[in-house]
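Since the structure of chain F is already known, use the hints to place chains X and Y on it.
Just so you know, the sequences run in chain order F, X and Y. According to the numbering used here, numbering within the first sequence proceeds without interruption in unit steps and concludes at 1639. According to the numbering used here, numbering within the second sequence proceeds without interruption in unit steps and concludes at 361. According to the numbering used here, numbering within the third sequence proceeds without interruption in unit steps and concludes at 549.
Keep in mind that a hint or two might mislead.
With a Cα cut of at most 27 angstroms, we get these calculated DSS-like pairs of lysine-lysine [claimed, not checked]:
{"no.": "1", "chain 1": "F", "residue 1": "Lys1373", "chain 2": "Y", "residue 2": "Lys368"}
{"no.": "2", "chain 1": "F", "residue 1": "Lys1283", "chain 2": "Y", "residue 2": "Lys58"}
{"no.": "3", "chain 1": "F", "residue 1": "Lys1540", "chain 2": "F", "residue 2": "Lys1315"}
{"no.": "4", "chain 1": "F", "residue 1": "Lys1557", "chain 2": "F", "residue 2": "Lys1315"}
{"no.": "5", "chain 1": "Y", "residue 1": "Lys135", "chain 2": "F", "residue 2": "Lys1315"}
{"no.": "6", "chain 1": "F", "residue 1": "Lys1540", "chain 2": "Y", "residue 2": "Lys135"}
{"no.": "7", "chain 1": "F", "residue 1": "Lys1639", "chain 2": "F", "residue 2": "Lys1557"}
{"no.": "8", "chain 1": "F", "residue 1": "Lys1315", "chain 2": "Y", "residue 2": "Lys58"}
{"no.": "9", "chain 1": "X", "residue 1": "Lys140", "chain 2": "Y", "residue 2": "Lys58"}
{"no.": "10", "chain 1": "Y", "residue 1": "Lys155", "chain 2": "Y", "residue 2": "Lys135"}
{"no.": "11", "chain 1": "F", "residue 1": "Lys1408", "chain 2": "F", "residue 2": "Lys1639"}
{"no.": "12", "chain 1": "F", "residue 1": "Lys1283", "chain 2": "F", "residue 2": "Lys1315"}
{"no.": "13", "chain 1": "Y", "residue 1": "Lys368", "chain 2": "F", "residue 2": "Lys1394"}
{"no.": "14", "chain 1": "X", "residue 1": "Lys140", "chain 2": "Y", "residue 2": "Lys24"}
{"no.": "15", "chain 1": "F", "residue 1": "Lys1584", "chain 2": "F", "residue 2": "Lys1283"}
{"no.": "16", "chain 1": "Y", "residue 1": "Lys20", "chain 2": "Y", "residue 2": "Lys102"}
{"no.": "17", "chain 1": "F", "residue 1": "Lys1394", "chain 2": "F", "residue 2": "Lys1373"}
{"no.": "18", "chain 1": "F", "residue 1": "Lys1540", "chain 2": "F", "residue 2": "Lys1639"}
{"no.": "19", "chain 1": "F", "residue 1": "Lys1540", "chain 2": "F", "residue 2": "Lys1557"}
{"no.": "20", "chain 1": "Y", "residue 1": "Lys196", "chain 2": "Y", "residue 2": "Lys210"}
{"no.": "21", "chain 1": "Y", "residue 1": "Lys24", "chain 2": "Y", "residue 2": "Lys102"}
{"no.": "22", "chain 1": "F", "residue 1": "Lys1422", "chain 2": "F", "residue 2": "Lys1639"}
{"no.": "23", "chain 1": "Y", "residue 1": "Lys196", "chain 2": "Y", "residue 2": "Lys207"}
{"no.": "24", "chain 1": "Y", "residue 1": "Lys135", "chain 2": "F", "residue 2": "Lys1557"}
{"no.": "25", "chain 1": "F", "residue 1": "Lys1408", "chain 2": "F", "residue 2": "Lys1422"}
{"no.": "26", "chain 1": "Y", "residue 1": "Lys58", "chain 2": "Y", "residue 2": "Lys196"}
{"no.": "27", "chain 1": "Y", "residue 1": "Lys102", "chain 2": "Y", "residue 2": "Lys189"}
Derived Cβ-Cβ restraints for the label pairs, each shown as a range [as the list claims (entries may be wrong)]:
{"no.": "28", "chain 1": "Y", "residue 1": "Ile35", "chain 2": "X", "residue 2": "Leu246", "range": "35 to 41 angstroms"}
{"no.": "29", "chain 1": "F", "residue 1": "Lys1639", "chain 2": "X", "residue 2": "Ile24", "range": "47 to 53 angstroms"}
{"no.": "30", "chain 1": "X", "residue 1": "Leu246", "chain 2": "Y", "residue 2": "Leu382", "range": "54 to 60 angstroms"}
In case anyone wonders, no lab produced these hints; they're calculated from the structure. Positions of the beta carbon are idealized from the N, C-alpha and C atoms, including for glycine.
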Amino acid sequence: MKKRLVVLFSVLVIASMALSACGPGASKAPEACTEDPLGCAVIEKGQTIKIGMGAPMTGEYAAFGIDISQGASLAVKDAGQFEGFSFELVSEDDGGSPEGGASVANKLVSDPSVVAIAGHIFSGATLAAIPIYEKAGLPMLSPSATNPDLTAQGSKVFNRVVFTDATQGKFAASYLVDTLGISKLAVMHDGQAYGQGLAEVVRDEFGVLGGEVVAFEAITPGESDYSAALADIAAQGPEAIYYGGYAADAVVIVNQMSQADLGDVLFFGCDGTFGEDFVERTGDNGEGAYGTSLIPPASDAKTTFDAAYLETYGEEAGKLSPYTWSAYDSAAALIVAIESVAIVGKDGNLYVPRTAAVEAVRGIDGYVGLTGNVTCDAIGECASSGPTFYIVEGGDWVEAK
Amino acid sequence: MGIHNAVKNIKSISAYQVIQFVIGALFIGYILWRLNEILRVNPIYGPDTWMRFAIAGLILGSVYALIAIGYTLVYGILFMINFAHGEIMMIGAFGGYFVFEALNAIPTPTAADPELTFLSAQPVISVLLAFIVGMSVSALSGYFLEKIAYRPLRSAPRLVPLISAIGASIFLQNAGQLLFGAQRRDYLNPEVLTRGNGWEFPVGEGTVILPYTGALTFVLSFLILIGLFTLVQRTRLGRAMRAVAENKPVAALMGVDVDGVISRTFIISGAMAGAAGVMWGIHLGLVYYFVGFIPGIKAFTAAVLGGIGNIPGAMLGGFFLGIVEAIGPPILGLSFQLKDVIAFGILVLVLIFRPTGIMGEVLTEEKV
Amino acid sequence: MKAYLKNAATAGIIFGIITTFLFLINFIGTAADLIGDITKSRPGSSILGLSAVMFNQLIFLGLIGIWAGARGSRKDSRLEDTWKHVLIGGALAGAVHGLIAGSLAFLVGSLNTAGVKINEYLSQILPEVIRIFLLNKTPLQGALFYLVFMTLMGMLGGLFGRGVLRSTWRKNIGARRKELWNSLTHHEKVLKIRANPLTRYVVYGLLLLFVFLMPLQIGQYWNYTVGTIGIYVLLGLGLNIVVGMAGLLDLGYVAFFAIGAYSVALLTAPTPHNLQWSFWLVLPIGIILASLTGILLGIPVLRMRGDYLAIVTLGFGEIIRILSKSVLLTPFSGGPKGVFNVGAPTLFGKPFNSDVNFVWLITLGCLLVIFVTNRLQNSRVGRAWEAMREDETVAQAMGINTLTHKLMAFAIGAAFAGLGGILFASRNQFTGPEDHSLMVSINVLSLVIVGGMGSIPGVIAGAFVLKGLPEILRQLENYRVLFFGVLLVVMMVIRPEGLIPGSRQKLELQHTDKSQAPPDTADASEGSSPS
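Just chain F, same shape as in the assembly (with noise of 0.2 angstroms):
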């Protein structure tokens, strides 16, 4: 049996260096691969254009990764063919860790077919594949990673099409003092990198702005009782909070703050907690609550999205997530900025050189999509506005003022 294994690897041995011998023969390959540094992707005729996307599909936020490749996808479906290919989207599970979020980046750049990344979702995850993608030359938008520290790396390939979580805890801050009025506030948040990030930022920029953080205070997300926690913010009497984290959690919240005499207190979201299933599950403990909002304004491409999302999930746009349009919007400016690359070869195959790709993506301008006008600054923030403040009044959000 040894003698069979001798074989066998003095076969795998020899097979395995001859493998290496020979690299990619002479191609048909147009000269802008050549030229590039980091070579092209190369999709063979009747193979799809892939955009890759890690996203959470199991786990705790499943809900985020599975709204989010839904709403791309269906942007993937609009765009239909380009020069006889098509497009797809390959969602693949990074669980929303770290560690996920390495493994799928590492999968991804190793399919040479896989053009852009519609992602990461999480932060972490995306900070974690960004080295990768950067490695591979692939060209990133994300729809949801707001953590700032993503763009202030000087990475190329990075861009998002949402507002970063100092922006939001900023004018968030100041629309407490200043609008509001509050000079006591409680900070909470889920521990989480995005959830206390956020939470870090509006508890320092509402000191700055003269008022007072009477308590700082994280939960354990994804459990169902925060009762004692809340009872202890009730003690130090403020008059608002603030929270830092996913609507899951903040509707236990909310629902819980009457029984800890908090009932009177105004509750302050974020665009995490933002959407349908914070009013619904809220009810009457919800109404006049706050909320960030990534919905776009009414427009007729978002009346046809909504149209086309229900039909095909059967599910109304922004019940699992608040990201669904941004998701619709990453892939489809990343989509266009590809298109505007690409080269089909003398061999029928399509070329899409990875520099160019990352440059067109960093250049995306004017390109207007659900979300608004997408233009990409020179770190890589598309976002097209800032945050809208929105309430609930009468078991719906309506903008505040």
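Frame of chain F; chains X and Y shown alone:
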């Protein structure tokens, strides 16, 4: 045991006792200092706040106690940790959820309220039905879980059923997600039990609310626990269960159907978990595939805290853990984010002083 | 009722439930897509008047039906395996199976026609899925179709079971193959070569060469996966010492992994402390820190029995994770965001920046740990651990100092985990609280048990199954974790001793008498009884 061990104990335990004493003294000293600080020197919490902490802790504790009983029953008989117990609770919670949804679809219009549904018109029947269905589906899944994943492993080394249980837990959790979706769902309640409503009574400067749902949870779990205790102590089945826990081969020789008793134990423990799941839904208002995991781990901790295999111990452990989670952070002056750290820290401390939990292992003591 | 009919009906019910479940999680649709990928059928095309998706779905359902028939027609010990019995059994199993599948089709179909939004409660059951399941027919037609289809498939399965699975020629072939294999492996010349020590070195050398060359060929993604597997091998070997050899059930093993990862992260990364120490300096520091923590945890829990130990260690793992992400320690540990730009080792001025380098480094680590474990296992200490695992009181009576040996097991196990953590953080250039969740502990414990407790090749095989398989199963995205759970249960039921059991465990399990087995053989680490 014998002389050798006794000599050994004297030699090695003296050092251990010193460590025990130092840790204990430090901890008690710190608690006393904190209590003085928070109650006399700088009283940031009024009596109303303390009352709210206590209510939150007791309600949570009663649910933990119910789940912990399930761990303890199974452990007492099979000496295995039923890791999938939290998922059984999730199944029960879904059972109750669907009952409420179905009852809410039955219109029973009256002159005063044309939109009244059966759920709000007959709250007692509705809640009873939810409990019956929730407990039944959980009991059933407990039964099949044992039959499929544990029974073939009766004679395997102890870690093997544990891994099987972990596998079952992963499977059930993901099946829950695939079947019912990833989103958290709202638990409908009969109108009388609207969450947030409750008896209000003034304490100190504020008003404390004892929510109806919370009171229901507390009272029901207490009744169920008493019922179970009677079952184990007074009935034939209880006697058979104790016999099997004591010694399986001898119990079999005495004419006890060992497999049957084990099956019934899983059914009872499943029903307890199902009841806990429905209560969780009624009181806290949500259900999703992950709803059982964290309470499962907590209840496991509670069961060990009380002395695993010991039924009153599991009850005590559950209440103790619930209260520690609610009152621990303010007493120690820490954030609520660290409540699990405190809970596990207390567990370690308790086990240092009483290596078999607060009440000890009644069922297995003679075996050791 | 005749026994074989009962058997057939039971099989039909079980398969009916399985089919129902697979439909409700929409695995049937996914499987149809998968079959479409394999057979390269174009989505738009139609076969036998059915669209490609429906046809592929029928292939999948037909396979399940055949399986049901084969199971349902199994030979009863008192009955002859006649064709008549086989056909009747298969048909009955198929009919019951079809009845359940048909009722399901009728139920969802009519609900759908009545306008009930089933997917509000069962999220996968979209109208489209129902339409495909009913093959564009009315609910009643669909139900009748499945009844007939499954009955036919069941009969086919019965024939298949009798004609192929249980046929005499198949048994003969199996026996002959075994004979041939034995004659080959036990041939004089082969035995001679096997006995020659040189062969061993040649094989090892070639294996090493293979391990060395492989990363150059398999590409970035598989290098990443192989690296992860390697790290889990390290963790598994460490836990194997604690659980497999010393019999101490540790559910918080991830704590030591976290300490290794965080020590390299905090000491080499530019944020939050900007110490930027060299990797090679941090390596021993991290390992020592991890093993010191192991001892520190070991002292208070020494006197606890198996399951108490389990929950305390579980709690300890959670404590480390919660603290690392807490607001309290954010300035020290980087908080929930974690630590980025963790330093990589440099060798002769050349930094490790490719995936290939890390696979080599991790492999080197694995080889080192395998060597150490191997030596330990056969040493005095290893034997003392095993004695302790089997019976602590007896071990004490034999003059083994159980306290120091337990601490040693903890310390060495923790050191391996620390090494794993260091390599993990350094390779990923990142570590954060979510890398150190309870799931890691559970995964490592599972891989040790699945592989075979106390066996080094077993741990390696376990790591490949548990970390490699989910990566391969990525095709089935949403279902891979579900299958992982099923796999664990099935594995434990059909092969509880693990894939490659250690020689001792194998013996133990073979000699265990079913009725008289003591409940605990693996970790009967009972402390002195409570006073």
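Problem - Violated constraints from the hint list, given by number and in increasing order - result: Failing hints, ascending: 9, 26.
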